[in-house]
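> Here the protein sequences come in this chain order: A and B.
Counting in the working numbering, the first sequence runs from 2 upward without gaps.
Counting in the working numbering, the second sequence runs from 2 upward without gaps.
The set of hints was computed from the structure by calculation and includes no laboratory data.
There may be inaccurate statements among the hints.
Copies of the same chain look alike in the list, so a pair counts if it fits in one copy or across any two.
[Stated by the list, open to error] Derived pair list, reagent style DSSO-like, types lysine-lysine, alpha-carbon separation capped at 30 Å:
hint, residue 1, residue 2
1, Lys32, Lys126
2, Lys118, Lys235
3, Lys125, Lys5
4, Lys168, Lys237
5, Lys128, Lys68
6, Lys91, Lys237
7, Lys137, Lys33
8, Lys200, Lys237
9, Lys235, Lys126
10, Lys237, Lys169
11, Lys200, Lys7
12, Lys4, Lys154
2 protein chains.
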Amino acid sequence: MDKKLKKIVNDKTSGSSEILFELHNHLKNEKKLITLFPEIIELTKKQFKSFQSIQKYLNDMSLFLKKRKGLEFFFEKYDQIFRKSLIGLKANAKQILNNYSSFITISNSNTLFEVLKELNQSKKKIKIFVLESRPKFEGRILAKKLSALSNIKIHLITEAMMADSVKKVDAALIGADSILATGDVINKMGSLQLALLCKEMNKPFYVVADKNKFSKSRTFSQNEMPPEEIWRHKSKNLIVQNFYFEKVDKNLITEIITD
Amino acid sequence: MDKKLKKIVNDKTSGSSEILFELHNHLKNEKKLITLFPEIIELTKKQFKSFQSIQKYLNDMSLFLKKRKGLEFFFEKYDQIFRKSLIGLKANAKQILNNYSSFITISNSNTLFEVLKELNQSKKKIKIFVLESRPKFEGRILAKKLSALSNIKIHLITEAMMADSVKKVDAALIGADSILATGDVINKMGSLQLALLCKEMNKPFYVVADKNKFSKSRTFSQNEMPPEEIWRHKSKNLIVQNFYFEKVDKNLITEIITD
Numbered sequence: 002m003d004k005k006l007k008k009i010v011n012d013k014t015s016g017s018s019e020i021l022f023e024l025h026n027h028l029k030n031e032k033k034l035i036t037l038f039p040e041i042i043e044l045t046k047k048q049f050k051s052f053q054s055i056q057k058y059l060n061d062m063s064l065f066l067k068k069r070k071g072l073e074f075f076f077e078k079y080d081q082i083f084r085k086s087l088i089g090l091k092a093n094a095k096q097i098l099n100n101y102s103s104f105i106t107i108s109n110s111n112t113l114f115e116v117l118k119e120l121n122q123s124k125k126k127i128k129i130f131v132l133e134s135r136p137k138f139e140g141r142i143l144a145k146k147l148s149a150l151s152n153i154k155i156h157l158i159t160e161a162m163m164a165d166s167v168k169k170v171d172a173a174l175i176g177a178d179s180i181l182a183t184g185d186v187i188n189k190m191g192s193l194q195l196a197l198l199c200k201e202m203n204k205p206f207y208v209v210a211d212k213n214k215f216s217k218s219r220t221f222s223q224n225e226m227p228p229e230e231i232w233r234h235k236s237k238n239l240i241v242q243n244f245y246f247e248k249v250d251k252n253l254i255t256e257i258i259t260d
Numbered sequence: 002m003d004k005k006l007k008k009i010v011n012d013k014t015s016g017s018s019e020i021l022f023e024l025h026n027h028l029k030n031e032k033k034l035i036t037l038f039p040e041i042i043e044l045t046k047k048q049f050k051s052f053q054s055i056q057k058y059l060n061d062m063s064l065f066l067k068k069r070k071g072l073e074f075f076f077e078k079y080d081q082i083f084r085k086s087l088i089g090l091k092a093n094a095k096q097i098l099n100n101y102s103s104f105i106t107i108s109n110s111n112t113l114f115e116v117l118k119e120l121n122q123s124k125k126k127i128k129i130f131v132l133e134s135r136p137k138f139e140g141r142i143l144a145k146k147l148s149a150l151s152n153i154k155i156h157l158i159t160e161a162m163m164a165d166s167v168k169k170v171d172a173a174l175i176g177a178d179s180i181l182a183t184g185d186v187i188n189k190m191g192s193l194q195l196a197l198l199c200k201e202m203n204k205p206f207y208v209v210a211d212k213n214k215f216s217k218s219r220t221f222s223q224n225e226m227p228p229e230e231i232w233r234h235k236s237k238n239l240i241v242q243n244f245y246f247e248k249v250d251k252n253l254i255t256e257i258i259t260d
């Protein structure tokens, strides 16, 4: 496996759309890797269990591989899917979110970034509170990307400041890693409390996710991640707990904006 | 100002009771510093604006200094106050919290540690979820102290995991930096959302605070702290916000356990 592919497969801070996009473009241009594709598919599926769009893409790729032809068609099909879904999603988001000027968000989602960029182009000025997203601080990545836009003001805050900041915004707006068949949304840890705080403070809570994120599954199980990412400390009766994802009940969601 | 005193005055991670206790013991034993006392009082009051017990103690000390005598009596008086209030508070806490076996808490409070130690001695086994308390990770200090006790299980978690963890405990239990005349509680950032999540999930929310923490003030103003404590990054349209304390409305508090 080449260096670039290793980097994609071990990415712990990007959202699923960004990872999928990187993977797609890499495999598309490295078709000489084709004998390794089954192995790459297996490893990547294991790494991104919570990312519905990646699972779908790889399942679809497996089908095309079985036919031993048409991989060219597969890549072209997905190029179109990605382009179309983003255009549709941005148009819908613009319509639904046009009346809001300030948002709070968590983690680093490329879909969210594209939507905010779109809003930013059509509005005078927007303000975004970005949660730092412990333990891996993906919020910083999104904050940096957003800071390249003009007419935008970004507040980078800790998760401890969440309640204080929900008070100050018009709405919450998050991406999604997967949307269950129940309508519940799987996203980065901290999303559930953001939704609960929005309910408590009467603020709308929006999710942006293209149709590729919709799953047939009705359940979600949490994987325990390395505790050292939070704190390197060993003690007999002390456990450092590290989960990346959690479920946000559909009743807490104002609307899932999709393509 | 000696090294030890400098350390006390610049402490950003201990709770108010611990800082006050350190300050008291240091000044009591360093009475040769007496000519510096007015200066020390002024500086310390400025440093710990949100800590009601420290403000009270220093105001009282100023009165004794004006009389130019009786400092011996002052220190003895406070030795007794500290001893008595802790005994009373622990007894009340034991009675009120005896039916609970698992708690979630935030930040590092010595009062809380003493209460948990007391509960730990009288109960078979208790479990504590300790929030890491960004940006300065005081939760780690409390977790380490607690891990020295036996029959206790500690889970160190990020603030992003708060909602997920409130589900798993019997009650929330926090210390306080100050209790306003309105009954609202001032405590470390993250306390408000912990209280709101407890309300949402029907979990009792307790505060432990001795009578020294009760203030005559009805208002609270937030001080902005150095952004570098959260993230060292400069960008034109990006603001890193850092507040240490916030107000928890009395309606969200099940009971303030005091002496």
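> Does each hint hold? Answer for all of them.
Here's how the hints hold up against the structure:
1. Lys32 to Lys126: The answer is neither: 44 Å in one copy and 59 Å across copies each exceed 30 Å.
2. Lys118 to Lys235: between (43 Å within a copy, 21 Å between copies)
3. Lys125 to Lys5: Neither, since 39 Å and 53 Å both go past 30 Å.
4. Lys168 to Lys237: between (40 Å within a copy, 24 Å between copies)
5. Lys128 to Lys68: neither (49 Å within a copy, 55 Å between copies)
6. Lys91 to Lys237: between (50 Å within a copy, 27 Å between copies)
7. Lys137 to Lys33: So Lys137 and Lys33 fail the 30 Å test inside a copy (34 Å) and across (49 Å) alike.
8. Lys200 to Lys237: neither (39 Å within a copy, 33 Å between copies)
9. Lys235 to Lys126: between (47 Å within a copy, 20 Å between copies)
10. Lys237 to Lys169: between (42 Å within a copy, 21 Å between copies)
11. Lys200 to Lys7: neither (40 Å within a copy, 45 Å between copies)
12. Lys4 to Lys154: For Lys4 and Lys154, the Cα distance exceeds 30 Å both inside one copy (36 Å) and across copies (42 Å).
In summary, the numbered hints that this structure violates are 1, 3, 5, 7, 8, 11, 12.
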